[in-house]
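Residue numbers (my numbering), protein chains in the order written: chain A, 1 to 277; chain B, 1001 to 1329; chain C, 2001 to 2316.
Note that these hints are calculated values from the structure, not bench results. Take the hints with a grain of salt, since some may be wrong.
Listed below are the simulated SDA-like cross-link pairs for lysine to any residue, each with C-alpha atoms no more than 20 Å apart in a straight line [claimed, not checked]:
#1 K2003(C) to Y1154(B)
#2 K2059(C) to N2042(C)
#3 K2124(C) to K1149(B)
#4 K2074(C) to T2115(C)
#5 K2229(C) to L2107(C)
#6 K2233(C) to G1113(B)
#7 K2229(C) to Y1154(B)
#8 K2096(C) to L2107(C)
#9 K2059(C) to T2070(C)
#10 K1149(B) to P2309(C)
#11 K2054(C) to T2011(C)
#12 K1063(B) to I2127(C)
#13 K120(A) to N2058(C)
#14 K120(A) to M2296(C)
To spell it out: a stretch of chain A is covered by chain C in this simulated footprint if at least three of its residues, at any positions, have a beta carbon under 8 Å from a beta carbon of chain C; those stretches are [stated by the list, open to error]:
#15 106-117
#16 121-130
#17 164-178
#18 241-247
Calculated from the model, a selection of chain A residues having no Cβ within reach of chain C, i.e. all distances over 10 Å [unchecked claim]:
#19 P39
#20 S64
#21 A133
#22 I134
#23 D153
#24 W186
#25 R237
Computed from a predicted structure; not experimentally measured. From the three backbone atoms N, C-alpha and C, an ideal C-beta is built for every residue, glycine too.
The primary structure of each chain is shown beneath.
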Amino acid sequence: MKMGYLRVQRILKNRRIIIGSILVFLIILFTLLTPFIFPEGPHVMEVTERLKAPSKAHFLGTDSVGRDLLCRLLYGSRVSVGVGAAVAVITMVFGLIIGLYAGYYKAVDNIVMRICDSLKSIPSILLAIALLAIMGSGIGNVIISVSIVYTPDVARIARAAVLTAREQTYIEALEALGAGANRILWLNIAPNILSSVIIQVSFIFATAIVTEASLSFLGVGVPVPEPSWGNIVYEGRAVMFQAWWLVVYPSIFIAVTVFGLNLLGDGLRDLFDPQNS
Amino acid sequence: MQQEIVLHVKNLSTTFRTDQGSLKAVDGVDFIVKKGEILGIVGESGCGKSVTVQSIMRLYDEKKTVSYQGEIFFENKDLLTLPYKDMKRIRGEKISMIFQDALSALNPLMKIGDQITEAIHIHTKADRKTAIAQGIEMLRQVGIPAPEKRFYQYPFELSGGMRQRVMIAIALVCRPQLLIADEPTTALDVTIQAQILELMKRLNQELNMGIMLITHDLAVVSETCRRVLVMYLGQVVEEGTAETIFNHPGHPYTKSLLESIPMIGGERGQKLRTIQGTVPLLNQIPAGCRFAPRCLKAGERCRREMPQLAPFKNEHCVRCWYPNESDGS
Amino acid sequence: MKKYIFKRILTMIPVFFITSIIIFSIIHLTPGDPARVILGDNAVESEVLALQEKMGLNKPLPLQYVNWLTGIFKGNLGESLFIDQPMTEIIWTHMKPTVSLTIYALLIAAGMGITCGILAARYKGGILDRIVTLISLCGISVPNFIVALLLMLLLAFSVHLFPVAGYKPMSEGIGIHVWYLTLPALSLGFIHMALIMRMTRSSVLEVLNSDYIKMARAKGVSEFAIMTKHALKNALLPIITVIGQTAVTLLAGAVVSEAIFNIPGIGQLVVTSIGRRDYMVIQAVVLVIALINMFMMLILDILYAAIDPRIRLDSR
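Could you put the whole structure together from the sequences, leaning on the hints where they help?
Spelled out as C-alpha cells, the structure:
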C-alpha cells in the first residue's frame, strides 16, 4: 500500500508526466470526437471560400479548394496519431519478441542483432522512403515501413535489458530449478524489462508521427486527399506565401503532439529509471 | 610535548543553499592540527566530516551553493578570506587532499606521470626533466614497483591499491604541510588498507606533515591516530587522544559507536549493539542536543538546550550534559 | 592502436554484407515483378520482357545478387532507367550540394550545440541554461520540415534576409553558395543542435561533478585549466558518438530540406526517382549512404580510441 502511495506521490510531483499526459489525452480525445464535431467529413469543398484567413466561420481558415483547415487537421490527427500508435504497438510487440529471444539465445542473438545493426546503418528516413518507394504509398504501407525502421531500436533496448536481467540471481535460481526458457522469458523477464521498453516506445510514438509527417510531406506517405498532418502541410506549401495558416497551424498540431509525447517519455524515464535521466 | 600548530579551525560553519532552503552541514566546528601528527575525524556518513575538510580547501562553488562562517588559520592567514588566486597557490602545494575512490579521482584520460607533474608545474618553476624525475621519485617513495614504467601508464591499468598510492604521490609531490585524507582506505580490501595506512604513517614521519584522516572506520583510527575528533550532525561531539576516546568515551554517541564494533575475542553470544534510529536529515535538526532523539540517556534538559563542547578531563572535551563518568566498561 | 583499427575493420565486413542483402531484398523480394511495377499496369508484354532482360531479372535471385555485388566492387552501381549516365556520375553530381549542406548544418549543430551546452553547464541555473533547456525541449519536438517552412516564412518572405529557395554551386563564389545554403542548413541543423546541446550540458555537468575535477582543484589547477585540460576531453567523449550519428542523420535528413528549398542534391534525386519509379537509382543511393555511414562510424570509433586509452589499450 505504502509503495503504491509513494508511486502516486512521485507521479504527481513529476510535472513532465502531468503536462505530457494532459496533452496526449487532449489530442486523443479530439481525435475520437472529430466525427461528432465535423459530421460532414474532411472533404467538403466550398469554392467561394478558397484561401480564407482564420475567421469565425472557419477558425483556422480554409485551403486552396475551400476546405476547412480545422476540420482537415482534426481528421488528419486520426491518421497521424493512428499511424503513430499503430507503429508504437507493432514495434513494441515485435521488438519485445526479438529482443527477448536474442537476449536469451546466443545463436539467435548473433544473427538477429547483425540484421538490426545493418538496418540501422541505413538512416531511418531514407530506409522508410526506399521501402515506400517499392511498396507504394498508403496508410498501411506507411505503418509497415515505419515499423520496420524502428523495430530494431526496441529490440536492442529489450535485448540489453534481458542481458542484465539474466545476470540476476533469481533467474539463475529458476534455471537451476529447471524452469523452461519460455516460462522464464515471458513470466519472469518480460515484466521486468517492460518499463524500459515502454519508455523507448513512447519516444518511437513521437518519432513515428514526425516520420509519417515527413514522408507525407515528401509525397510518398499518406496520399491526398485523405488528410494527414504531413500532407496538409504538403498541399499548403504551394500557397504558403498567400496563406501562412496552412503551414503554421498544422505545424503547431505536430509540434504540440510530439512535445507532449516526448514529455511523457522523459517523465516515465525519470519515474522508472532515475539514474538514466 | 609542544608542537607547532599547522591548521587552526575556529567556529567553522558551512551552509548550503538548496531548493529546500539553506542547510547547515557544518555548525561551529573548532579544532587544531599540529605538525607531524595524524588527527582522526570519525562519524557516520552524513555527519559533516567530508564537508568540513572540503571547506578547508574551499572546494565548493562559493558563488551559488555555499557560504562559510568562522575562520581557518593556516600560516597566520585566514583561508576563508583569502582571494581565489592565493587559495589556488595553497591547494596542492601547502595543503593537499586525497579521496576515497582513486579510480574516480584520477583523470581516466591522462597518464599517471602527467597527473603528478601537473602539480609540480603549477607550484614550482621546475623544468620538464626535473619534474619527471621528481614524479618518478615520488612514485618510488609511495612504494610503487617499477615507477619508470607506471609513470607512463593510465590509471585503469593499475590495481586499486596502486591507484591509491598514485593518488597519495600526487598529493605529496609538492611536500605539503597538511594532507587531508578523505576516507582513503574505505574502497580497499583489508590487506591493502593496512598497507596504505602503514604508508601514510611512514610518510607522516618522514615528511613531518600534519595529516587529517577522515573515516567512519574506528579500527583505522585506533591504529593510526594520536588525537581523534568525533563528529555528529555537523558538530564536534567529542575530542581527545585516541587512547582516552577508545577506553573512556565521554559522549554517549562515541560509546555507542564503539559498542557497535564486533570484537574478535568478544564474548560469544553477546549481542552486538547498534545505535537506534538513523542520522536525521539536515533540515530536521533537533532543538536541543542533536543526539538526544537517539540517545538512551537523554533527559528533559537534553531535548531543550544544546550542550557546549566543554573540557572534561585533560585534553578531553565532550559535548554532553551528562558525560560518561565511568571507565567505559 | 593498429590492432584496434584492424579489428574494427573486420567487424565491418559482416555488417556490409547483411546491409547489402537487405538493400537488395527491398527491391527484389517485394511482391510483384519490379519490371511490371516500373512500367505500370498497361505495359506491353514485350517491353516488360525487355526490361527484365536489361535489369537481369530473368536470372535466379542469388545470381542477381552476386552480379550486383561484384558490380559494386568494380565501381558499377547499376544503371538508371531514365538518366543516360553512369550511376556513379549521377550520384557524384547530386552528392555535391548535399555534402555542402550537410557539412554546413553539422557545423551549425555541433558548433552552436557544444558551445551553448558547455556554457549552460558552466553557468548552471543561469539565464543561458534555461534558454538552452527550453530550446532543446522545443527543438526535439519540431520536425525539420516545419522549421524549414517557418524559417522560410520568417527570414525569406517577411524579412528578405535570405533567398526563398534555390541553389548556387561553389563555382559561383563561396559567399553566394553559403548564403543560399544558410536557411536549409539552419533548418536541418536546428534539431540536432538542440540534441547536442542537451547531451553536452549533461555530459559536462557529470564530468564537473566528478572526483577527478575535485582532485584537480585540490591540486591547485586553475578553473580555466580544469575546463580545458581535464573536463572538456572527458566530456567530449560521449559527444563524439552523437556527432557521428548526427552527421549521418543530417545526410539523410537533407532529403527533406532539399525538397523544400529546391536544391538539386541527393534528396531531390531520390524524390524524382520515386516519381519515375527508377528503383535502380534509389537502390544505389541507399547503398552509398549506408556505406558513408559505415565509414563514418569507423572513423569515429578510431577517433574515440585515440582519445580514450581504455578502449585503445584494451584490445591488446
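**Study point:** Hinted pair K120(A) and M2296(C), Cα distance within 20 Å
**Key:** holds (13 Å)
Practice item. Evaluate the condition: distance from the CB of I134(A) to the nearest CB of chain C exceeds 10 Å. Key: Non-interface label fails for I134(A): nearest chain C Cβ at 5 Å, not farther than 10 Å.
Exercise for review: Take the C-alpha atoms of K2233(C) and G1113(B), compute the straight-line distance between them, and say whether it is at most 20 Å.
Suggested key: Holds, at about 18 Å.
Review point. Per the coverage rule (Cβ-Cβ under 8 Å, at least three residues), is the segment 121-130 of chain A covered by chain C?
Key: That given contact holds, which follows from 9 residues of the segment 121-130 of chain A lying within Cβ reach (below 8 Å) of chain C.
Practice item. Verify the proposed pairing of K2059(C) with T2070(C), using a straight-line Cα cut of 20 Å. Key: Between K2059(C) and T2070(C) the Cα gap is close to 15 Å, so the pair holds against 20 Å.
Point to revise | Status of R237(A), Cβ more than 10 Å from any chain C Cβ | key: violated (7 Å)
Check your understanding: Has the given pair, K2124(C) with K1149(B), been kept, meaning a C-alpha gap of at most 20 Å?
Key -> violated (41 Å)
Practice item. Verify the proposed pairing of K2229(C) with Y1154(B), using a straight-line Cα cut of 20 Å. Key: Distance ~16 Å between K2229(C) and Y1154(B) Cα, so the pair holds.
Check your understanding: Non-interface claim for P39(A): all C-beta distances to chain C beyond 10 Å?
Key -> holds (30 Å)
Exercise for review: Starting from K2229(C), check that the Cα of L2107(C) is at most 20 Å away, please.
Suggested key: At roughly 23 Å apart (the allowed maximum being 20 Å), L2107(C) and K2229(C) break the hint.
Check your understanding: Per the coverage rule (Cβ-Cβ under 8 Å, at least three residues), is the segment 106-117 of chain A covered by chain C?
Key -> holds (count 3)
Check your understanding: Does I2127(C) lie within 20 Å of K1063(B) when you go C-alpha to C-alpha?
Key -> holds (15 Å)
Checked against the numbered hints given earlier, this structure breaks hints 2, 3, 4, 5, 11, 13, 17, 21, 22 and 25; the rest are met.
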